[in-house]
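First to last, the protein sequences are chains A, B and C.
Take 72 as the starting number for the first sequence in the working numbering and just add one per residue.
Take 23 as the starting number for the second sequence in the working numbering and just add one per residue.
Take 351 as the starting number for the third sequence in the working numbering and just add one per residue.
Quick caveat, the hints were computed from the structure, so don't treat them as lab data.
Predicted model, so just to flag it, every value in this text is computed and none were measured.
No residue lacks a Cβ here, since even glycine has one placed at the ideal position from N, Cα and C.
Errors might be hidden in some of the hints.
To be verified - Only part of the chain C face toward chain B is listed, based on derived beta-carbon distances under 8 Å:
#1 LYS406
#2 GLU409
#3 ALA411
#4 ALA510
#5 ASP513
#6 LEU516
#7 ALA519
#8 ASP522
#9 THR535
Claimed, not checked - Pair ranges (Cβ atoms, derived):
#10 A/ALA324 / C/ASP513: 55 to 63 Å
#11 C/PRO537 / B/ALA143: 21 to 29 Å
#12 A/LEU273 / B/THR315: 48 to 56 Å
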Amino acid sequence: MSDAAEGHDDRSLRWLRRAVKFPYFWLLLFFLAPFLIILKISLADPVVAQPPFTPLLEWGAEGFEGLRITFSNYVFLFKDGYYGIIYLSSLKMAAIGTLLCLLLGYPMAYFIARQPPSRRHLLLLAVILPFWISFLLRVYAWIGLLNNRGVINELLLWTGVIDAPIQMLYNDFAVYLGIVYSYLPFMILPLYANLERHDLDLLDAAADLGARRWRAFVDVTLPLSAPGIIGGCLLVFIPAVGEFTIPALLGGADTLMIGRVLWDEFFVNRDWPVASAVSVVLLLLLIAPIMWFQRLQAREQETGR
Amino acid sequence: MNDPQPPPLVRIDGVTKRFGEVTAVDDVSLDIQKGELFAILGASGCGKTTLLRMLAGFEQPTSGRILIDGADMTDVPPYERPVNLMFQSYALFPHMTVEQNVAYGLKKEGVPAPQIRERVAEMLAMVKLGPLAGRKPEKLSGGEKQRVALARSLVKRPKLLLLDEPLAALDKKLREHTQFELANIQYQLGTTFVVVTHDQDEAMTLASRIAVMHEGKIAQVGTPGEVYEYPANRYVAGFVGNINLIEGRVTGRANGRLTLHCDALDADLEAACEEVPAAGETVTVAVRPEKITISREAPAGADRNVVKGVVRDLGYFGDQSLYRVRARSGAVVQVSAQNLRRSAKLIVEWDDEVFLSWEVGSTILLRT
Amino acid sequence: MRIRSPGLVSIVAFGYALLYVPIVSVVIYSFNDSRLVTLWGGFSLRWYASLLEDEKLLEAALLSLRIAFLSASFATALGAIVALALHRLGRLRGRLLLSGMVTAPLVMPEIITGLSLLFLFISMADLIGWPMNRGATTITIAHVTFSMAYVVVVVRSRLAAMDESLEEAAMDLGGRPLAVFFDVTVPMLLPALVSGWLLSFTLSLDDLVISSFVSGPGATTLPMYIFAKVRLGVTPDINAITTLIIALVALAVGIASFVTNRRRSA
Numbered sequence: 072m073s074d075a076a077e078g079h080d081d082r083s084l085r086w087l088r089r090a091v092k093f094p095y096f097w098l099l100l101f102f103l104a105p106f107l108i109i110l111k112i113s114l115a116d117p118v119v120a121q122p123p124f125t126p127l128l129e130w131g132a133e134g135f136e137g138l139r140i141t142f143s144n145y146v147f148l149f150k151d152g153y154y155g156i157i158y159l160s161s162l163k164m165a166a167i168g169t170l171l172c173l174l175l176g177y178p179m180a181y182f183i184a185r186q187p188p189s190r191r192h193l194l195l196l197a198v199i200l201p202f203w204i205s206f207l208l209r210v211y212a213w214i215g216l217l218n219n220r221g222v223i224n225e226l227l228l229w230t231g232v233i234d235a236p237i238q239m240l241y242n243d244f245a246v247y248l249g250i251v252y253s254y255l256p257f258m259i260l261p262l263y264a265n266l267e268r269h270d271l272d273l274l275d276a277a278a279d280l281g282a283r284r285w286r287a288f289v290d291v292t293l294p295l296s297a298p299g300i301i302g303g304c305l306l307v308f309i310p311a312v313g314e315f316t317i318p319a320l321l322g323g324a325d326t327l328m329i330g331r332v333l334w335d336e337f338f339v340n341r342d343w344p345v346a347s348a349v350s351v352v353l354l355l356l357l358i359a360p361i362m363w364f365q366r367l368q369a370r371e372q373e374t375g376r
Numbered sequence: 023m024n025d026p027q028p029p030p031l032v033r034i035d036g037v038t039k040r041f042g043e044v045t046a047v048d049d050v051s052l053d054i055q056k057g058e059l060f061a062i063l064g065a066s067g068c069g070k071t072t073l074l075r076m077l078a079g080f081e082q083p084t085s086g087r088i089l090i091d092g093a094d095m096t097d098v099p100p101y102e103r104p105v106n107l108m109f110q111s112y113a114l115f116p117h118m119t120v121e122q123n124v125a126y127g128l129k130k131e132g133v134p135a136p137q138i139r140e141r142v143a144e145m146l147a148m149v150k151l152g153p154l155a156g157r158k159p160e161k162l163s164g165g166e167k168q169r170v171a172l173a174r175s176l177v178k179r180p181k182l183l184l185l186d187e188p189l190a191a192l193d194k195k196l197r198e199h200t201q202f203e204l205a206n207i208q209y210q211l212g213t214t215f216v217v218v219t220h221d222q223d224e225a226m227t228l229a230s231r232i233a234v235m236h237e238g239k240i241a242q243v244g245t246p247g248e249v250y251e252y253p254a255n256r257y258v259a260g261f262v263g264n265i266n267l268i269e270g271r272v273t274g275r276a277n278g279r280l281t282l283h284c285d286a287l288d289a290d291l292e293a294a295c296e297e298v299p300a301a302g303e304t305v306t307v308a309v310r311p312e313k314i315t316i317s318r319e320a321p322a323g324a325d326r327n328v329v330k331g332v333v334r335d336l337g338y339f340g341d342q343s344l345y346r347v348r349a350r351s352g353a354v355v356q357v358s359a360q361n362l363r364r365s366a367k368l369i370v371e372w373d374d375e376v377f378l379s380w381e382v383g384s385t386i387l388l389r390t
Numbered sequence: 351m352r353i354r355s356p357g358l359v360s361i362v363a364f365g366y367a368l369l370y371v372p373i374v375s376v377v378i379y380s381f382n383d384s385r386l387v388t389l390w391g392g393f394s395l396r397w398y399a400s401l402l403e404d405e406k407l408l409e410a411a412l413l414s415l416r417i418a419f420l421s422a423s424f425a426t427a428l429g430a431i432v433a434l435a436l437h438r439l440g441r442l443r444g445r446l447l448l449s450g451m452v453t454a455p456l457v458m459p460e461i462i463t464g465l466s467l468l469f470l471f472i473s474m475a476d477l478i479g480w481p482m483n484r485g486a487t488t489i490t491i492a493h494v495t496f497s498m499a500y501v502v503v504v505v506r507s508r509l510a511a512m513d514e515s516l517e518e519a520a521m522d523l524g525g526r527p528l529a530v531f532f533d534v535t536v537p538m539l540l541p542a543l544v545s546g547w548l549l550s551f552t553l554s555l556d557d558l559v560i561s562s563f564v565s566g567p568g569a570t571t572l573p574m575y576i577f578a579k580v581r582l583g584v585t586p587d588i589n590a591i592t593t594l595i596i597a598l599v600a601l602a603v604g605i606a607s608f609v610t611n612r613r614r615s616a
C-alpha cells in the first residue's frame with residue numbers, strides 16, 4: 072500500500088495536473104514576466120534608438136560584462152514635482168469618484184435588495200445591461216450630452232433656466248460623472264450581494280427593541296454591509312486611479328490623471344524608461360488596495376457564497 | 023472447523039485509514055455475508071462514511087485489505103468495482119432525465135441499447151416510477167428522487183449495494199414507509215446491502231445485522247436484538263436506545279447470579295453472570311427504562327432489584343409515558359411505561375413516592 | 351419590507367436615468383439627418399449608409415470580431431482548466447502564485463498591463479525573433495491573458511456551488527475519469543463556460559488601451575478606430591455604430607433570456 076494512499080481521486084486528476092501547466096506557463100510568460108521587464112526598463116537609460124532604452128544586461132565578447140542600473144528615471148520622477156502632483160491628483164479624483172459612486176450605488180443596491188425576488192432580478196439586470204455595451208461608446212455618449220451645444224445645455228437654454236451654455240465637458244466634473252457612470256455596476260453588485268443576504272428579522276428585532284427605522288439602519292444594516300462597501304469601493308477605486316479613457320475623452324487639458332500622462336509619455340514623448348518608472352510607482356501605490364481586495368476575495372471564497 | 027461458513031461476500035481485513043494526523047478508521051475487520059442487509063451505525067465522525075467510501079473505492083485504506091467475493095479490491099478504482107453506492111444527496115445528474123440517469127451505468131458498461139431500455143423499464147417499474155421516466159430530477163419530490171437513486175444504483179446488478187444515509191433526506195412519515203419498501207426490495211433481489219446511518223431506529227428496523235462504530239473502531243457487531251438487549255459495552259448501551267447505567271459493588275455470587283450493592287440507589291441488585299468478578303470489585307449494570315415496573319406499592323416478595331424514589335419529571339408521549347425518578351441520594355432512574363389503557367388519570371403522578379422493580383434477566387452487566 | 355421613502359426612490363430613479371439617458375440619446379441622434387450633432391434635422395438613415403462605405407471601419411470591426419472570437423475561446427479553455435485545478439488539486443505546486451497571477455488582472459490598471467506586455471513582445475522579438483510584427487496575434491495574446499481571469503472567477507463560483515458527489519456517482523456507475531469529465535463535469539459547468547466566453551468576448555471587443563499598446567502598424571481594432579474619431583468630438587456615424595451595437599446586445603440578451611426561460615419551463 073505504502074504511499075499510494077492518495078486515493079483514486081488523485082489518480083483521476085492526473086490529466087488536470089498535466090493540463091494546468093499550460094495556462095500556468097502562459098501566465099508566467101504573459102503576465103509575470105512583463106512586470107519584471109517593466110521593472111528592468113525603468114532602471115535603464117533612455118537612448119534614441121529602437122528600442123529606446125539601453126540594455127540592462129551587457130553581453131560582450133567575454134560574456135556577461137555587468138549590470139547597468141540607473142535610478143535616474145525615479146530621481147527624475149521625484150525631483151520633477153509635476154509627477155507627484157499628478158499621482159496625488161489621480162488618487163484624489165479616484166477617491167472622490169468612488170465616494171460619489173458609493174453615495175449613488177448604496178441606495179440603489181439597498182432598494183433592489185428589498186424588492187420582491189422577481190423584480191429584484193429585473194432591476195439588477197437593468198444595472199448590468201449597459202455593461203455589455205462598449206465602455207468606450209458609453210463614455211463617448213456623454214460628449215453629446217455635455218457639449219456646450221449638447222442636449223443638456225440646449226434643453227436648459229430652451230427652457231430659459233440659463234442664458235449662456237454651462238461648460239460641463241472637458242473638465243473634472245465630466246470625469247467624475249464618467250467614473251460614476253462607468254463604474255456604477257461594479258459598486259452595486261458587491262453591495263447588492265451583501266445586502267440581499269441580510270436577515271430582515273434583524274431589523275424587526277431592532278425595531279422590537281425600540282430602534283426607529285433610521286437608527287436600525289445605522290445600527291444594523293450599515294455595519295453588516297461593511298464588506299460589501301469595502302469590496303465595491305476597491306473595485307471602483309483601483310481601476311479608476313489608472314483610468315485612461317474617461318479623462319482622455321471627457322477631461323480637460325488641466326485634468327491630471329496618471330493614465331493619461333503615462334499614455335502621452337509613451338506615445339508622444341516616447342520616453343520608455345520614464346513611462347516604465349511611472350507605471351512601477353503607480354503599481355506600488357495600488358499594491359495596498361489590491362492586496363486588500365485579494366484578501367477580501369479569499370475570505371469570500373472561504374466562507375462560501 | 024468442520025462446518026465452514028460460506029466465504030463472506032465482503033471481507034474487511036485490518037483496514038486503517040488516516041487523513042494526515044487523524045485516524046478515521048482504526049484497524050477494522052468485518053465480514054459481511056451474501057444477502058445480508060447490514061447496517062453500520064454510529065454518530066457523525068465515527069468513521070462510518072470513510073469505511074463506506076473505501077468499500078466504494080473513493081478512498082484507499084492506509085493499511086489493510088478489502089475483499090469482495092474473494093477478489094482483492096483494495097487497489098481497484100470505483101468504476102471497476104462490482105459495487106454501487108446510493109449517495110446521501112442522491113447525486114442525480116440534473117441534466118439527464120430519470121430514464122437517462124438510470125441508464126447511465128449500463129451505457130458505461132457497454133450494454134446494447136435494446137437491453138438497456140428493457141432493464142431500465144423493469145427497474146423503474148419496480149420502484150414505481152415508470153410514468154416519470156421522461157422527467158428531469160428537479161421536477162421530482164424527495165421520495166421520488168430517492169427511488170431514482172435506488173433504481174440507478176441497482177440497475178447494474180451490483181454484488182454489493184452501499185447506501186449512505188438512505189432515508190436522512192426524507193420527512194418522518196415518508197421515512198417509515200420507505201424503510202419497509204427498501205427492506206422489501208432487498209428481499210426481492212437478494213442483493214447484499216450495506217447501509218450507513220446515524221439513526222438507530224433506521225438501523226434496527228432495516229438491518230439483519232448491525233455494526234456499531236465508535237471513534238474509528240467497531241464497538242459491537244450483532245443482530246438488532248443482540249445489540250439492544252446485550253450491548254457489549256457502555257458506549258453501545260448508551261448509544262442504542264435509552265438506558266440507565268448503575269454502578270455497584272460486588273457482594274456475592276450464587277447459582278450463576280451475581281449480587282451487588284448500589285450505594286447511589288441504596289439498593290441490592292442481582293444480575294445473571296457467567297464469569298466471576300472478584301468480590302468488592304465495582305461493576306456497571308444497565309437497565310432499559312421499559313424493563314422497569316413502576317408502582318406506588320412495594321412489590322411483594324422481592325427484595326432485590328427494587329429501588330425507592332420520588333417522581334420528579336413526567337413526560338406524556340401518547341403511546342407511553344416517561345418518568346424520571348429520583349432516589350434519596352439524588353441519582354435519577356428513567357422509566358417508561360406503556361399506556362395500555364385509556365384512563366383519564368395516570369397511575370403515578372408528580373412527587374409520588376414510588377417503587378421501581380425489574381427482573382433479574384433485564385439487568386445487563388457491562389464490563390467495559 | 352416595503353420601501354416608502356420618496357427620497358430613496360428618487361435617488362434610485364436618478365441612478366437608472368444616469369445609466370440609460372446617454373444610451374437613449376445616442377440612439378435618437380443616430381437617426382438625425384443633420385451633421386450638427388444637436389440640431390434635429392429630420393429622420394434619416396444616412397449615417398448608417400455611410401458606415402457601409404467606410405472600408406476602414408468595416409476592416410477594423412472584422413479584425414475586432416476575429417480577435418474577440420479567438421481570445422474568448424482560448425481564455426475560456428485556459429480559464430476553465432485553471433479554475434478546475436485551483437478547486438480540485440489540493441496539493442498543487444505554486445498554487446498561491448497561480449491564484450495570484452490569475453486574479454491580479456482583474457484589478458490591474460489596463461495601462462500597465464498594456465505597457466508591460468508591449469515590452470515583453472519587444473524583448474521577445476529581440477531575443478528569439480518572435481513576434482516580428484505586432485498585430486492581431488499579439489492583441490489576441492493580451493486579451494486571452496486578462497479575459498482568463500474573468501473566466502476563472504465565473505467557473506470557480508460555479509464549481510463551489512456544484513455537488514461533488516455527482517462526479518463520484520458517475521464514477522461509481524462505471525464512468526472512467528475522462529468519461530465522467532465529459533458526461534458530468536462539462537455539462538454542469540456549461541452555463542459558467544458560456545457566460546465566461548461571452549464576458550471574454552465583450553471585454554475583448556471593448557478593449558482600447560491594451561490593444562493600442564500591443565498593436566502594430568496596420569492592425570487597427572474597432573475601439574482604436576472609434577477612439578481616433580471621437581477624440582475630436584461627436585461624429586454622427588459613431589452614433590450609428592453605437593446604435594447597432596446596442597441592437598446586437600439587446601438581441602443577444604433577448605435570445606439568452608428566451609433560451610434560459612424555455613429550459614427552465616421544459
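In rising order, the numbers of the hints this structure does not comply with: 1, 2, 3, 4, 9
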